[in-house]
Amino acid sequence: AQKITQTQPGMFVQEKEAVTLDCTYDTSDPSYGLFWYKQPSSGEMIFLIYQGSYDQQNATEGRYSLNFQKARKSANLVISASQLGDSAMYFCAMREGHRGRRALTFGSGTRLQVQP
Amino acid sequence: DVKVTQSSRYLVKRTGEKVFLECVQDMDHENMFWYRQDPGLGLRLIYFSYDVKMKEKGDIPEGYSVSREKKERFSLILESASTNQTSMYLCASSTSGAYNEQFFGPGTRLTVL
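Quick note, the sequences are listed as chains Y and X, same order. If you're matching positions, the first sequence starts at 39 in this note's numbering and goes up one per residue. If you're matching positions, the second sequence starts at 167 in this note's numbering and goes up one per residue.
Check before you lean on any hint, since a few could be wrong.
In silico EDC-like cross-links for lysine to aspartate or glutamate, where the CA-CA straight-line distance does not exceed 16 Å [to be verified]: (1) Lys169/X x Glu82/Y; (2) Lys54/Y x Asp124/Y; (3) Lys41/Y x Asp225/X; (4) Lys169/X x Glu267/X; (5) Lys169/X x Asp204/X; (6) Lys108/Y x Glu55/Y.
Quick caveat, the hints were computed from the structure, so don't treat them as lab data.
Here chain Y stands alone, though its shape is the one from the complex (with noise of 0.2 Å):
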């Protein structure tokens, strides 16, 4: 079963306008990690926000934000005041447990376009 559910391929965006990218994830952990990546043309994977289980609050970076949904399993990031440099593949990514193995399970990405 996919442990990371990117459900968009692909999304368009005005510049300047708000978008959201979905994740869903799947754990019987009560303890994980939640992370969102950007990976340019340039192939470079940049990270952008993260998100514990046992966090309260909403995480929130700059002009990213991460709506937490623990009920629903979904972490999705915001991108608010799209740029013409936010154009690039996004990943969302889980990290299980304390004890759990130590890499990130990678969602299969969301290639975003910011139009002018």
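We have chain Y; now place chain X onto it with these hints.
Okay, now just chain X, sitting in the frame of chain Y:
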């Protein structure tokens, strides 16, 4: 700044060749990882290492091996390259904290002819 470097950005090899992909990190991180990235599949873990000479298989270890003789260096080895190993390979490192972010290298795009 954490820096993770990979030996090549682009690599072309022939079927059956032995291929070495090198990764070096400069922040004394305990954990190092090798992922493979294919369109529509995201990143999949090949191997990771949590200490020198220690390694664990990931989700797709078949056809690969790894070596970690020094803390800063983690090598991915394709013993006999095959065309289905044509892919983007990404190395990452992190500290030992449970939920610390992973820092990625620029990736190596490997083509096996």
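A quick look at each hint next to the structure:
no. : hint                : verdict
1   : Lys169/X x Glu82/Y  : holds, 12 Å
2   : Lys54/Y x Asp124/Y  : holds, 11 Å
3   : Lys41/Y x Asp225/X  : holds, 13 Å
4   : Lys169/X x Glu267/X : holds, 13 Å
5   : Lys169/X x Asp204/X : violated, 24 Å
6   : Lys108/Y x Glu55/Y  : violated, 26 Å
When held up to the earlier numbered hints, the structure conflicts with 5, 6 and fits the remainder.
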